[in-house]
Amino acid sequence: MTERRFADGALVRVRDLPVKGHMRTPSYVRGRQGRIEGCQGSFPNPEERAYGSDGLPARSLYHVRFRQRDLWPAYAGLAADSLSLDLFEHWLEPAHGT
Amino acid sequence: MAHDHDHPHPTRADHRSHAWERREAAIRSLLIEKGLLTADAIRAKIEEWEQKTPALGARIVARAWSDPAFEARLLADANAAAAELGIEARGVKIVALKNTPRLHHLVVCTLCSCYPRALLGLPPAWYKAPAYRSRAVSEPRAVLAEFGTRLPPETEVKVVDSTADCRYLVLPLRPAGTEGWSEDRLAAIVGRDAMIGVALAQATRA
Amino acid sequence: MHDLGGLPAGPVEKDEHDPSLAERRVDALMSLLMSPGVAAFNVDEMRRTIESLPREVYERHDYYERWLLTIESLLVEKGLLTRAEIEARIAALEADAHD
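Top to bottom, those sequences are chains L, E and P.
With the first letter of the first sequence counted as 1, position 63 gets the number 63 in the numbering used here; the numbers rise by one all the way through.
With the first letter of the second sequence counted as 1, position 40 gets the number 40 in the numbering used here; the numbers rise by one all the way through.
With the first letter of the third sequence counted as 1, position 1 gets the number 1 in the numbering used here; the numbers rise by one all the way through.
One chain only, chain L, in its complex shape (with noise of 0.2 Å):
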């Protein structure tokens, strides 16, 4: 097992790097602030697996909960909806704020 560098509950943004080949972040959470829900576990890394290569060492992979009105500006719906989804650690980077 990896070390998990963030705990359940923290806030993180999701960091937005050049795209330079295969990855499985979406674009519409670059940049945006989320909490981390929960630890799937470490899984090899895929923008290395892409390539050939094992992927290793593994990278802890967090279940990361956005509220819907910061990812979309023109959300129709309540202010309670959320959307989640897995990103890998080192998208992902400290932040302040509610």
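Check the hints yourself; a few may be wrong.
Pairwise CB distance ranges, derived in the manner of DEER restraints [unchecked claim]:
hint, chain 1, residue 1, chain 2, residue 2, range
1, P, His-98, E, Glu-84, 35 to 45 Å
2, L, Asp-16, P, Ala-91, 41 to 51 Å
3, E, Leu-103, P, Asp-96, 41 to 51 Å
4, E, Ala-44, P, Val-57, 29 to 39 Å
5, E, Lys-34, P, His-2, 28 to 38 Å
Short, incomplete list of chain E residues facing chain P, as computed with Cβ under 8 Å [said to hold, decoys possible]:
hint, residue
6, Arg-22
7, Ser-29
8, Ile-32
9, Leu-75
10, Leu-111
To list a few chain E residues with every Cβ distance to chain L over 10 Å, as calculated [said to hold, decoys possible]:
hint, residue
11, Ala-13
12, Ser-17
13, Lys-45
14, Thr-53
15, Glu-88
16, Lys-93
17, Ala-129
18, Glu-139
19, Arg-141
20, Ala-142
21, Ala-164
22, Cys-166
23, Gly-177
24, Glu-179
Please keep in mind that the hints were generated in silico from the structure rather than gathered at the bench.
Glycine is no exception: its CB is placed at the ideal position from the N, C-alpha and C atoms.
Position chains E and P relative to chain L; hints supplied.
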């Protein structure tokens, strides 16, 4: 089965489809010849997928509705809970998402077509098509309405985008009026769409 | 052509067509080629390849056609098949069909 339209004359689409089937046959025969695959393994894999249907997921949901201890185990480790019922779901981690009167889950894969195949079989074509993948994340309530699904106004919607190494199965809300039903009877009202989250399980279906 | 979340799109067409035998075969080939026993390529290589299909190719082909193009491209990349042998086999199958 989908409707088959009669094509009395070969169309351009038919030619294209024949060319494509020939390409598949060519690659398949070369792979067999080179010893990478066997015809038996391919046949067995096709049969394996044919046996994977939403009925598997429905059995799991029906058990969870009937047995709170099983539901707790399902939410903690869906692969192990499936194995308890003799349903093989190895390889990919599956996570069950519990709907409540206050919270409704909707599953999508915006980047490709990840789907809990071990429990639901092959995904429907619309799940893999751009419209659903684009809109389920940004306007889930409009997408639900297109499926004829209306939620109570106070119910919160949570969209789950399967981006990486986990697949998601929605544990629908057990409909009122199903008290005392057997697991078989309950399983019969759990449709594929309810386990994706675009529909609700409804007592009227059985 | 793959990172679609939030892009404008029309209504969901509730296409429920069951996969044809040829489509099921492509599905089976994909599963088997990525299975631990065969491991011709992995799922991330598959995704990288499908994502790099040129836009016009992506739009001209349906889902399982894109999968077949992806299989073919990866088998060639990995040196397991050559384009020439695939084209030759297609030609041979066509000749058989017209006999």
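Going down the list of hints, with the structure as the test:
The supplied range of 35 to 45 Å is broken by His-98 (chain P) and Glu-84 (chain E), whose beta-carbon atoms lie about 55 Å from each other. At about 49 Å, the CB distance of Asp-16 (chain L) to Ala-91 (chain P) agrees with the hint of 41 to 51 Å. With their beta carbons about 58 Å apart, Leu-103 (chain E) and Asp-96 (chain P) fall outside the hinted range of 41 to 51 Å. A hinted range of 29 to 39 Å holds for the C-beta pair Ala-44 (chain E) and Val-57 (chain P), which are about 31 Å apart.
A hinted range of 28 to 38 Å for the beta carbons of Lys-34 (chain E) and His-2 (chain P) is consistent with their spacing of about 30 Å. Taken as an interface hint, Arg-22 (chain E) checks out: its beta carbon lies about 5 Å from the nearest beta carbon of chain P, inside 8 Å. Here the hint on Ser-29 (chain E) is kept, as its CB sits about 6 Å from the closest CB of chain P, short of 8 Å. Taken as an interface hint, Ile-32 (chain E) does not check out: its beta carbon lies about 10 Å from the nearest beta carbon of chain P, beyond 8 Å.
A cut of 8 Å between beta carbons decides the hint on Leu-75 (chain E): the least distance to chain P is about 26 Å, and the hint is violated. With 8 Å as the threshold, the beta carbon of Leu-111 (chain E) comes within range of chain P, its nearest partner Cβ sitting at about 6 Å, so the hint holds. Here Ala-13 (chain E) stays apart from chain L, with its beta-carbon at least about 32 Å from theirs, past the 10 Å limit. Look at Ser-17 (chain E): its CB is around 30 Å from the nearest CB on chain L, clear of 10 Å, so calling it non-interface holds up.
The beta carbon of Lys-45 (chain E) is kept farther than 10 Å from every beta carbon of chain L, the shortest such distance being approximately 23 Å. Thr-53 (chain E), annotated as away from the interface, keeps every beta carbon of chain L farther than 10 Å; the closest lies near 26 Å. The beta carbon of Glu-88 (chain E) sits about 20 Å from the closest Cβ of chain L, which is more than 10 Å, so the claim that it is off the interface holds. With 10 Å as the threshold on Cβ separation, the claim that Lys-93 (chain E) sits away from chain L is violated: the shortest Cβ distance comes to roughly 7 Å.
Under the 10 Å C-beta cut-off, the non-interface status given to Ala-129 (chain E) relative to chain L holds; the minimum distance is some 17 Å. Residue placement check: Glu-139 (chain E) does not keep its beta carbon more than 10 Å from all beta carbons of chain L (closest about 7 Å). At the 10 Å boundary, the C-beta of Arg-141 (chain E) falls inside the reach of chain L, the nearest C-beta of that chain being 5 Å off. Distance to chain L contradicts Ala-142 (chain E) as a non-interface residue, since its nearest Cβ pair spans about 8 Å, not more than 10 Å.
The claim that Ala-164 (chain E) is not at the interface with chain L is violated, since a C-beta of that chain comes within 10 Å of its own (minimum 4 Å). With a least CB separation of 5 Å from chain L, Cys-166 (chain E) falls inside the 10 Å interface cut-off, contrary to its annotation. Here Gly-177 (chain E) stays apart from chain L, with its beta-carbon at least about 27 Å from theirs, past the 10 Å limit. The Cβ of Glu-179 (chain E) lies farther than 10 Å from every Cβ of chain L, with a closest approach of about 30 Å, so its non-interface assignment holds.
In this structure, the earlier hints numbered 1, 3, 8, 9, 16, 18, 19, 20, 21, 22 are contradicted, and the remaining ones agree with it.
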